[in-house]
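Q: Hey, can you work out the whole structure from these sequences and the hints?
Count along the sequence shown starting at 1, add 36, and that's the number in this note's numbering.
In case anyone wonders, no lab produced these hints; they're calculated from the structure.
Fair warning: there could be bad hints in the mix.
Unchecked claim - The following label-pair restraints were derived from C-beta to C-beta distances: (1) Thr39 with Thr266: 41 to 49 Å; (2) Ile188 with Leu110: 24 to 32 Å; (3) Thr147 with Phe114: 26 to 34 Å; (4) Phe83 with Arg135: 17 to 25 Å.
Think of the CB as a built atom: it goes at the ideal place given N, C-alpha and C, for glycine as much as any other residue.
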Amino acid sequence: MTTTVRKIDGYRRLENYTPPEGVPITFVVSSLGSRFGAQTLDILITFGGAFIAILLLAWADVMAGSALMALFFLLIFFIRIPYYILSELVWNGRTLGKRIIKIRVISADGTRLTPYQITARNLMKEVEVFTPITMLFGAESFPWPIMTAMLIWVFVVIFVPLFNKRRQRLGDMIAGTIVVDQPRAALLPDLTDATRAATARFVFDPSHLGIYGRYELQALESILRNPPKTPEARARVAEVAKTIMRKIDFPERVGRRDEWDFLQEFYRQQREYLESRHLFGDSRADKFHARKDDTSQGR
Numbered sequence: 037m038t039t040t041v042r043k044i045d046g047y048r049r050l051e052n053y054t055p056p057e058g059v060p061i062t063f064v065v066s067s068l069g070s071r072f073g074a075q076t077l078d079i080l081i082t083f084g085g086a087f088i089a090i091l092l093l094a095w096a097d098v099m100a101g102s103a104l105m106a107l108f109f110l111l112i113f114f115i116r117i118p119y120y121i122l123s124e125l126v127w128n129g130r131t132l133g134k135r136i137i138k139i140r141v142i143s144a145d146g147t148r149l150t151p152y153q154i155t156a157r158n159l160m161k162e163v164e165v166f167t168p169i170t171m172l173f174g175a176e177s178f179p180w181p182i183m184t185a186m187l188i189w190v191f192v193v194i195f196v197p198l199f200n201k202r203r204q205r206l207g208d209m210i211a212g213t214i215v216v217d218q219p220r221a222a223l224l225p226d227l228t229d230a231t232r233a234a235t236a237r238f239v240f241d242p243s244h245l246g247i248y249g250r251y252e253l254q255a256l257e258s259i260l261r262n263p264p265k266t267p268e269a270r271a272r273v274a275e276v277a278k279t280i281m282r283k284i285d286f287p288e289r290v291g292r293r294d295e296w297d298f299l300q301e302f303y304r305q306q307r308e309y310l311e312s313r314h315l316f317g318d319s320r321a322d323k324f325h326a327r328k329d330d331t332s333q334g335r
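A: Following this line, the structure appears as structure tokens:
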């Protein structure tokens with residue numbers, strides 16, 4: 037299945053994106069405005085600390101103006117690179133600016149985002165924008181042909197995202213990454229209203245939700261789409277509920293009249309749990325995932 041980008045309702049949507057769980061997901065490709073806003077916040081964060089340090093040195097009058105300017109750009113360099121790389125490593129493709137704007141970086145091929153991709157895209161950012169702009173600030177130190185070339189280069193890299201559907205800059209193309217809006221965990225629309233009434237009646241902790249995987253969740257979804265109207269259907273619901281309660285060792289007693297609500301709430305919390313695990317690259321295909329992990333680690 038090939039990943040495609042289509043414009044729907046004014047948004048560019050990344051369709052047929054298949055993450056490690058194997059279920060295609062549709063992401064909204066982040067707008068240039070969102071990316072610019074996140075980048076502006078990150079620049080304010082990285083420049084802020086260095087600027088305060090320079091102000092203190094200037095107030096103390098311990099260095100000359102030219103030396104202070106050189107120190108400022110040096111501090112920015114040694115703050116900026118670790119900031120972008122480490123924050124995206126720790127927060128799974130998000131800097132502080134991206135967290136605030138609610139966008140994130142994902143791997144274009146559906147695999148888990150790797151340290152290599154994060155490092156490559158952020159080092160390329162230095163080559164694309166920051167280093168040329170720094171050189172432009174020191175225009176008097178370079179001959180005009182070099183400065184003209186730097187100015188043209190900056191304009192080219194800034195406009196690259198405008199001419200590709202995925203809005204990738206050069207660093208994203210090299211690293212194989214895409215910036216998308218932060219996805220929100222959501223239930224299927226026709227099941228959301230049905231489970232809302234049962235919210236908080238039954239609470240499941242991670243030890244309960246970590247047993248089953250995507251396959252069992254899909255099987256439960258097929259049952260919940262057809263409310264039981266016959267004795268046979270109600271018997272099936274009771275059997276499924278008892279099986280799940282026994283499998284997860286659920287501590288509470290569930291009456292026959294509450295078995296349907298129990299399944300609805302288990303479905304909702306199980307889906308949210310699996311979606312949250314997916315964001316961290318944890319693929320849980322079925323209830324045998326733990327056994328498969330143990331087997332792979334024992335090889």
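Q: Hint by hint, say whether it matches the structure.
A: Here is what the structure says about each hint:
{"no.": "1", "hint": "Thr39 with Thr266: 41 to 49 Å", "verdict": "43 Å, holds"}
{"no.": "2", "hint": "Ile188 with Leu110: 24 to 32 Å", "verdict": "26 Å, holds"}
{"no.": "3", "hint": "Thr147 with Phe114: 26 to 34 Å", "verdict": "31 Å, holds"}
{"no.": "4", "hint": "Phe83 with Arg135: 17 to 25 Å", "verdict": "18 Å, holds"}
In summary, this structure violates none of the numbered hints.
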